[in-house]
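As given, the protein sequences belong to chains A and B, one line each in that order. Heads up: the first sequence runs through residues 1 to 480, numbered per the numbering used here. Heads up: the second sequence runs through residues 1001 to 1442, numbered per the numbering used here.
Watch out, some of these pointers could steer you wrong.
Unchecked claim - Selected chain A positions facing chain B (in silico; Cβ < 10 Å): (1) THR187; (2) ASP278; (3) LEU280; (4) SER475.
Claimed, not checked - Covered stretches of chain B (chain A as the covering partner; in silico rule of three or more C-beta atoms under 8 Å from a C-beta of chain A): (5) 1047 to 1061; (6) 1212 to 1223; (7) 1238 to 1245; (8) 1260 to 1274; (9) 1296 to 1306; (10) 1391 to 1405; (11) 1428 to 1434.
Source of the hints: derived by calculation from the structure; they are not laboratory data. Idealized CB from N, CA, C, for every residue including glycine.
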Amino acid sequence: MKEIAELAIDVAVSSGATYADCRVVQRGIQALTVKDGRFAAVSSFEDEGMGIRAIVDGAWGFASVDRLDSDSLGDAARLACRIARASARLRRQPVRLAPAPVVTGGYVTPMERDPFEVTLGEKMDLLIRADEAMGAVAGVTTHEASLEFVREHRFFASSEGSLVDQVIVESGGGMDATATSDDDVQTRSFPNSFGRHQLCAGYEAVAAMDLAGNASRIAAEAVALLSAPPCPTGRMTVILDGTQAALQVHESCGHPTELDRVRGDEAAYAGTSFLTPDLLGRFHYGSEQVTITADATTPGGLGTYGWDDEGVAAQRTVLVDRGVFRGYMSSRETAADYGWTSSGAMRAESWNRIPLIRMTNVNLEPGESSLEEMIAGTEHGVYLETNRSWSIDDRRLNFQFGTQNGWEIRDGKRLRLVKNALYAGRTPEFWRSCDAVAGPAEWRPWGVVNCGKGQPGQVIHVGHGAAPCRFRRVSVTASS
Amino acid sequence: MSPASPDDLLALADAILERVGRDVAEVTVVQHEEALTRFARNQIHQNVAASSRRVRLRLMGDERVGVAEIRGEVDDLQGRLIAAAEAARELAPAGDVTPLPRPDAGSDGPVAHSPATALCTPEWRAGQVGTVAAVSAVAGFEAFGALQTSLTHTAIANSQGVRRHAASTSASLICVARGENGWGYADRHHHDIGRLDAEQVAQEAVETCGRNQQATALDPGVYPVVLSPYAVADLVGHLADLGFSALAHQEHRSFMRPGERLMSQLVSIADDASHPDAMPFPFDDEGVSTRGVSCIEEGVCRSFLHDSATALREDVPSTGHALPMPNTFGPWARHLVVTAGESSLDDLIAACDHGLYVTRLWYVRDVHPLRTVITGMTRDGTFLIENGRLGRPVRDLRFTQSIVDALSDVRGAGRERSIELDESERALLVPALGLGSFTFTS
């Protein structure tokens, strides 16, 4: 890989690049699915290629190729420089990069059990047990369980001399049970919706999920939701479980603290941000209970690595400190606009995409409460579990989320199951209404595997440490 | 990047099938070249090209199926692919395995393909973006967006004798114009980049932006609306995903009730992969010819889309709407065509006494799939309609609305249609629509 990267960079520099970096990536994915006790599929995916980014005449060009012979590498490097020259025709200010140390090093995801060393038979047995347990619950219409494992070997080199070699391993799994009636469809997922929960970890992460042990419960909940009453409507206290808190952080804090959105780089697609730099240090984003960090060093986090795709070391950045807006996730280019250094958040989906500012592990730091205490301290409200729908405007202010499960709370007690819950609000008002976050015992890293951004589109895996948290006077409705 | 030839791709597929030596294998080879020039603040800020080939093998036998896919020209591609697929097949538990399709009588055309798109250069793209930036700058605005081109060769062969190949192209120009206090949007998509008029796109975005300055708040509520084709595409794409698939019907998740009228007589929606203006493509991911399917006919629910698996369950032929098999997602609409009406856009607005014109929807997500309830935001130009005329701009609003309910009260449909690509890059040919009521919730 080193030779491939250095060859491509040499060609780019000799073709006029004042800066070039190259990523060589080999990725393997193994996916297993069992559905309804009769459908089963095992798939493997291998991927290999190289992408090179070059600055020529003060503008960016990028080219990628899946043929790693010297001719193809040279062609790609020259194409990147040609594209950069075309870009320069419509560039008023030359690209500036914030300084970054020249680095050499390696990183491997810590794990107890390499998922690619575990037999397919053991993995399939786990899925079959979970699928069978869901199917044994009367009233369940369809049920599905799946696992996914990823091993990505990335080599990064830059014309400044950085050389970084990393192996990132991810393990994920999940299941869904769906129950239907003539006029309703209800689904319960575990441990998270959107197919699975995933971590940068070995097979131990999947084993710890205990899919089979939770299968009957979630299937029974799906059936019970069919006859459950709709969620009560009005202004009330809302307690979010860790998975929904993670998505709330993702949409309403993660995306608006991406500095490229603030510059307008994503304005035509993903949008911009209400968190403009003039608000740094003085804007009350949330209550004192709310501290949010972007931490690429979180153990097990799905956004954990050694260096980002610009060769900047993984680090912890405070985004919101006890309610006050304090920082952004940034790149070398965006940080240079403000005289800062990069926060090390540049990530590419694969070798054929340029790195963009992406979330690492954007964590709601643990508080001092507990779910039990939060429920006990609630006169009238709902406890909401597992995302069902999510939407937010292009500045990340006006949001509406729905959850699969809701539990009505009265006088400090969790009462009946309710369905079709929706809650809505505006980001700062919502986070300012947060009066409790559960402590470290209930805090854990969650993985989001479907974060989309950029043109061409890139889907990337990000992490969110979160625990149950409580919000007062939130607008709650039920979808009819 | 060097273009692939159909013979090369099919020869690779044939070689793998021969080496597999079984009568239950399918090989898919996709060579994809793409380029995209992205601009912000009237400057190019990202500019990329990518070239890749992926080869996929589906291997069946003993009621088991294994799949392997390799992207990249790795050493001993054929051997690694076969070994991985065989290992997966051997360890998969026995279950329902849908037989491979046999050759059908479909032809390898029509296909959305343009040599001009395939040969587009970074310099040409920069020139077009320069045109957009110049139009925007003259108006005192900043332009943001992307110009994208792609060329895809797809070859599918299986051991039952299916051998298909097609080369398709796609070109898209998306433009957002930003003024001091508001935005405007326009896009064009076509397989022939020569059909994208950069100046026209920029002018439309600039004009909307010019009207959309100093928007003021409007109380949420139920309003009649005129939706531009951009917004209609989002609505129709979600409707299709919520019910047109035979798998959704078989699993009791679909809103469709065949033979029942659920929508206005003005609503007819088909999936038509042969329509020349809907990015035509002749076959699905199993190599089955894609047939036109009328899903909604004058408001009445009609037929579902099938792949081989759903077709087998109902003992009917596949309609050629498969995604790569096997999968748990089911058949998918890729060429949605909404029948045009007789109105101009001005007619639709003139027919509305008091309502809203919506340029674009954003972040649309399903809230209650069976009831086709979705939520999302308006974006880049929402205007009050007063006494049949376009009035003041209003701030973006959130809507939460059943699509079926919205389409049950259609006041008029545009006679002009445009090609749109939705979030999943599926093609839709859609008109503007005037709807009697649409619920805005915040």
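**Message:** Which constraints among the numbered hints does this structure fail? Numbers only, ascending.
**Reply:** Numbers 2, 3, 6, 7, 8, 9 and 11 - these are the hints that the structure violates, sorted from lowest upward.
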